[in-house]
Structure formats: C-alpha cells, structure tokens
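Novice: One-letter residues, chain by chain:
2 protein chains.
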Amino acid sequence: MNLGCPYGTHRVINPKGVFPQPAQSIDNDFSTLYDNEILIDVEVLNIDSASFTQIKTQAEGDSEKIGQIILETITQRGKQHNPVTGSGGMLIGKVKAIGSALHNRDLKVGDRIATLVSLSLTPLRIDKILAVHKDIDQVEVQGEAILFESGIYAKLPADMPQKLALAVLDVAGAPAQTAKIVKPGDTVVVIGGGGKSGLLCLHEACKRAGVTGKVIGISHSKAGVQRMRDSGLPVIPLQGDARDALWVLKEIERLTEGKLADLTLNMVNIPHTELGSILATKNKGTVYFFSMATSFTAAALGAEGIGKDVTMLVGNGYTEGHSEIALAIMRENPRLREIYESTYA
Amino acid sequence: MNLGCPYGTHRVINPKGVFPQPAQSIDNDFSTLYDNEILIDVEVLNIDSASFTQIKTQAEGDSEKIGQIILETITQRGKQHNPVTGSGGMLIGKVKAIGSALHNRDLKVGDRIATLVSLSLTPLRIDKILAVHKDIDQVEVQGEAILFESGIYAKLPADMPQKLALAVLDVAGAPAQTAKIVKPGDTVVVIGGGGKSGLLCLHEACKRAGVTGKVIGISHSKAGVQRMRDSGLPVIPLQGDARDALWVLKEIERLTEGKLADLTLNMVNIPHTELGSILATKNKGTVYFFSMATSFTAAALGAEGIGKDVTMLVGNGYTEGHSEIALAIMRENPRLREIYESTYA
Numbered sequence: 001m002n003l004g005c006p007y008g009t010h011r012v013i014n015p016k017g018v019f020p021q022p023a024q025s026i027d028n029d030f031s032t033l034y035d036n037e038i039l040i041d042v043e044v045l046n047i048d049s050a051s052f053t054q055i056k057t058q059a060e061g062d063s064e065k066i067g068q069i070i071l072e073t074i075t076q077r078g079k080q081h082n083p084v085t086g087s088g089g090m091l092i093g094k095v096k097a098i099g100s101a102l103h104n105r106d107l108k109v110g111d112r113i114a115t116l117v118s119l120s121l122t123p124l125r126i127d128k129i130l131a132v133h134k135d136i137d138q139v140e141v142q143g144e145a146i147l148f149e150s151g152i153y154a155k156l157p158a159d160m161p162q163k164l165a166l167a168v169l170d171v172a173g174a175p176a177q178t179a180k181i182v183k184p185g186d187t188v189v190v191i192g193g194g195g196k197s198g199l200l201c202l203h204e205a206c207k208r209a210g211v212t213g214k215v216i217g218i219s220h221s222k223a224g225v226q227r228m229r230d231s232g233l234p235v236i237p238l239q240g241d242a243r244d245a246l247w248v249l250k251e252i253e254r255l256t257e258g259k260l261a262d263l264t265l266n267m268v269n270i271p272h273t274e275l276g277s278i279l280a281t282k283n284k285g286t287v288y289f290f291s292m293a294t295s296f297t298a299a300a301l302g303a304e305g306i307g308k309d310v311t312m313l314v315g316n317g318y319t320e321g322h323s324e325i326a327l328a329i330m331r332e333n334p335r336l337r338e339i340y341e342s343t344y345a
Numbered sequence: 001m002n003l004g005c006p007y008g009t010h011r012v013i014n015p016k017g018v019f020p021q022p023a024q025s026i027d028n029d030f031s032t033l034y035d036n037e038i039l040i041d042v043e044v045l046n047i048d049s050a051s052f053t054q055i056k057t058q059a060e061g062d063s064e065k066i067g068q069i070i071l072e073t074i075t076q077r078g079k080q081h082n083p084v085t086g087s088g089g090m091l092i093g094k095v096k097a098i099g100s101a102l103h104n105r106d107l108k109v110g111d112r113i114a115t116l117v118s119l120s121l122t123p124l125r126i127d128k129i130l131a132v133h134k135d136i137d138q139v140e141v142q143g144e145a146i147l148f149e150s151g152i153y154a155k156l157p158a159d160m161p162q163k164l165a166l167a168v169l170d171v172a173g174a175p176a177q178t179a180k181i182v183k184p185g186d187t188v189v190v191i192g193g194g195g196k197s198g199l200l201c202l203h204e205a206c207k208r209a210g211v212t213g214k215v216i217g218i219s220h221s222k223a224g225v226q227r228m229r230d231s232g233l234p235v236i237p238l239q240g241d242a243r244d245a246l247w248v249l250k251e252i253e254r255l256t257e258g259k260l261a262d263l264t265l266n267m268v269n270i271p272h273t274e275l276g277s278i279l280a281t282k283n284k285g286t287v288y289f290f291s292m293a294t295s296f297t298a299a300a301l302g303a304e305g306i307g308k309d310v311t312m313l314v315g316n317g318y319t320e321g322h323s324e325i326a327l328a329i330m331r332e333n334p335r336l337r338e339i340y341e342s343t344y345a
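Residue numbers (full-length UniProt numbering), protein chains in the order written: chain A, 1 to 345; chain B, 1 to 345.
Isolated chain A, as found in the complex (with noise of 0.2 Å):
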C-alpha cells in the first residue's frame, strides 16, 4: 500500500518536516492519491469569519476581486490558508474517491460531508469560482480537496437545512465535551449560555445533570437571557458581566447557597473571564475553558493567586462523535432548534 503520513506530512512542500497547518505551501496536485486520502469534490468553501473580513476589506467589497484573492492564495500555498490571519474555514462536498487504507469507514463515495479540520492544512485546487456570497462569508466553486487520514468530517443530514447542520458542526466540540463530563446532580455554570455553542451546552447540561442537578446560563445581553428562556430548558439564567469576577461569585454564591459549581464551562469570546469562571467553582471543582480568548496564564495564576484547587480543561474542539451528538440536539429540542434557524441558520 501506498501510504500517506496520517497527518498529511507527506504533502508538505515547503518548509520540509512541518505539519501541513504550518506548511507555507503543500501539494495539490491530485492526479496521485495516497492509499489513506479522501478525494473531495468541492462545492461550497466556508471561509472563517476573521479571513473573510480581511479578504473583503482587501478587494474593496468586490464580489470578483474576493474570487481572484482566494485563487491567488490558493495558487501560492496549495491550501486555502489566509496569509494575513493565518485561518482557514472548512468545506463541503461530496466524496469522491476513498483510499483503500480507508474502506472500514462509514463513508461512500457520493456523501456529502463537511470537513471539520482546517481549510488551512486542507490541500484544495479550485478550478473555477461559481458565486462569492458576502453576507454568509461562503464561496461557491468547482474544485478538489484532500482529506488526510486523521482528518475529521461530518456526513451532512438529510433530515436538515445544510445552513443549520454548518452552524452545528461549527460548535460541535463544545456541547460533546459537555455531554461527557456533566453528572447526575452537578450545579453547572455555563459562562456564555445564550450564545451559538451555549446554548447547545446548556441542553446537554440540563440532560445530563437531571432533575437532581442545577444549571445557570449567564448572559451579558437581554436577547441571550430570552434565548436562554426560550429554548424551554430547566436554565436560571442571569444577566451581567463575566469580567466582573466578584459579580459572579456572589450571584453563583446566592444560587447555590454558597455551594458555588461542580463544573464551570466558559464559552464567552470576550477576555478577561477567567477569573470569574474559577470564582465560581468550587474547590476540587472543574473548569472547562472553551473560549479562544481565554489567557493560558489567567487561567493558570489566576488559580494560584487565590489558592483555588480547581481542574481546568482547555477545549478541545473534537472528541469521538462531538458531529453527531451536536446534531441530535436539533433533533431533541425543537424550540432550540427554532431558535438556531432564526438566529444562527
């Protein structure tokens, strides 16, 4: 068998000997697969938020320049990979070849999937921009890409909106993570709840802690409270500012009759709630960060500075299944996913 690196290394150009995310350029040329790639037929690029607006500023709003900047790049580095953020986004597309390493998969050519690894370490050629949609950061086109053999996807559903499945896949990592650690009868503090993956987490929350447990969703705007409301869920929800570390911890105190939570997960974009999310755990409790504006040094002499005992996760976007147990949520919880469709879909 002709066998690749499982993390794509084998189609790293330059510099040699690093992984294809860092990569300043990787091969696309694809009339030689490796045993253990997927062959993609490309059809819609899903370009990160922060990378769109960048190419958009860059070509002046112009749907045609957004087209020539993306194949530009595309051309230098083999992979769409914004040299100015350094992000990527992912794709959707449907299978078109599976190396024969891989046949024990859940997987037929014709699926349609969405890749859940980076389109920054994704080797991808674009042979033609079909439509530029500016409002939803997404690229129409004809073209390939190649999945490595550690590279995640999700089949897309048939049973839902492609639009709603992505907004899913998004967040995906956050509410599997919490289905995993939530137990029968915690108090879980979700930093964020009425946010795109808080809410998600809330019902996973809600489910796993049960009817002996108790969950807080905190917000710092009204319309997240009254998403919180509505999603139906068993949720106290609270309204105020994580960063005011002190807020939290006697809002969390008067909840909890001084108990404060089991398990605190944070999934607030803004910085400065680390503190806060620590406050309002208890000792030998665990606090799982999701944001990536979380500070790895906030975190960590943050805990120190005030004697907390307390595990602190880093969230890890995947873990086994995180695709179809987000996915089941919506299938779950109509009135989440009414809300999803109206907000984020």
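Everything labelled a hint here was simulated from the structure, so no lab data went into it.
A quick note: this is a predicted structure, and the numbers were derived from the prediction, not measured.
Warning: the hint list may mix true and false statements.
[Unchecked claim] List time: in silico DSS-like cross-link candidates among lysine-lysine, alpha-carbon distance up to 27 Å: (1) K180/A <-> K259/B; (2) K284/B <-> K207/A; (3) K222/B <-> K196/B; (4) K155/B <-> K284/A.
Chain A is already provided as a structure; the job is to place chain B on it using the hints.
Specialist: Frame of chain A, contents of chain B only:
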C-alpha cells in the same frame, strides 16, 4: 467578627471592585487588622526574575537605586507589583499575628513561612532595606505584610536550607499535580524532564506509575539528560527538540511500541511545543500543560486539527498539600536533592 473578603478585595483602594492583583493600589496600613488576615514580619523579598531584571536594568545595576525603585513602587501601590512587568515574587518572614477567624490553622506566631501567592497582590510596607542581593534576585528588608484568608503559604522546613526549600516551593504545583494524576502502570512522557520542575515530576511519575509503568523524559540539552540520569530514577531519557513535533511522535512511538503515552506533562518554558505534546499522547489520554509559554489556541486548535481526542489540562500552580508533597521529594530522593542543591539552590 471583623471579616475581610477572603480574596482581599476589602484592601483595594483603586480602582474599586477589582481584585488586589489587578488593582492600581491597595491599603498597606496595618494598624487595624481584619480577623481573617495574617500579619507577617517580612525578612526577605524574593523578587520574580522578570521583574528583578527590569528593576536592575532601570537602576543600571546600582544596588541603592534598586532599593529606591522598590520603595517607590510600594509607596505608590501598597505592594511590590512591578508596573512594567506586572509581576511580583514571594516573601519570607515570621508570623507576627493570626486573625481570630484563622485560629484553626496549623500555624503559630513565630513560624517562618514563605508566601506562595504573588507579591503583586500582597499588601506590603517596607520600613528599611537592609541588603540587595543582585545575584539571586533577593532583597533583605524590615517591614510587614498581610496574607489574606485565601493566600497560600508554606512553613519553611527545619531539615533543609532555606534556599533549597525556596527552589522547591517555587515549582511545587507541578509535582503535586503529577502525584495526583499518575496511575499505576501508566506510560508518562515528561517534556522538559531535565529542568527544575521536570525533575520533581519525574520523581513523582516514577513513584506513582511504579514497576508496571514507563516514564520517558525529554530534554533539549545534554546537561538535562545527564541530570535525569544522575537522579537515579528509572527514566528513559531522550535528547531532542520538542518543537519538532514529528520527531517527538516518532520517538515516543518507538519507545512505546506505537501505543503512545497515557499522560504527557509539558514543563518547558519555550513556545511551540503544544503539538508535540498532543502527538505523544494516545487517544483518550491526557496532556498537562504547566509551561507558562503554552498558547491556549495552539493547544485547542492543534488537537482539533489532527482529530485527537485528548484531555488537556491547564497547570494550576496550587493544589491541596502541594508544598508538603514537593518538599518530601527532597527527603525521599537524596540524589535529586544533591542535583537540586548544586544546580538550583
């Protein structure tokens, strides 16, 4: 009882409503004590290395000027919180008074303690600077300081020199966390095993994994590998660059017959070692990041990018009993104590 906030917010002057660490200035008037405060007769300030280097540079190496700069900071802020680096350090002193609310503590007036919370949040008054020791970042002083109820400290042991105890206490969190997380039979990789905290972690990893376990230590330097050998611990030493993620993967695969590590501890203070740490670890294994050079996003996106289902922990410098666990290593392992005395104390 006249109780202050366990976290010391009652002594914050400016801005109101924040914690003592981020505060601009805190109250160092000790004529009235709260019933949950501990008053300390300060003997030595152990200034954090980044801070001392900045002060020394600003003072052009002049000892008297170093003292002046420190006095100015304390006059302005009520704490030794370096306004340039933002960092602090720790102090050594004798307990002078214990608030009535803390009388159940295993502590008495006259005990010599080291504070393990940062000077950047510790109310401090200096009456006189006695000596500046430029080579070891220490300043002998006459003065007083306050420990808040949540402030952690360690009693200095009678059976080892103060310098040795301080060197161990400086990194006490990591070996204590290691002791709590390693299970018999585990395969453990310590990246940065030849360093100050790495060596203590190797001791605990070997002890807890036991004869059915396997402990591998990686150091970038010959000297680090030699220290691992000299420790007498049953460690498999490896020399190489942990930033080379592929090299780490190949070596750990080789040494574990492809099974990889149950637990990887990252103790190196250089950036870009997150991916190597993740690759060294098996699916469903754990990566413990103690390095302050860890990038939260590099860890989170690194695991997702290669589809690795690992639990990633943020190193908490505090865990219950951490100073006792770390100091005990010096008694359990005379060869490690020898290395520590000649290298770090």
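Novice: Taking only the CA atoms, is the gap from K284/B to K207/A under or equal to 27 Å?
Specialist: holds (23 Å)
Novice: CA of K222/B to CA of K196/B, is that 27 Å or under?
Specialist: holds (15 Å)
Novice: Between K180/A and K259/B, does the CA-CA distance stay at or below 27 Å?
Specialist: The hint holds at about 24 Å.
Novice: Starting from K155/B, check that the Cα of K284/A is at most 27 Å away, please.
Specialist: This hinted pair holds, its Cα atoms lying about 23 Å apart.
Taken one by one, the earlier hints all hold for this structure without exception.
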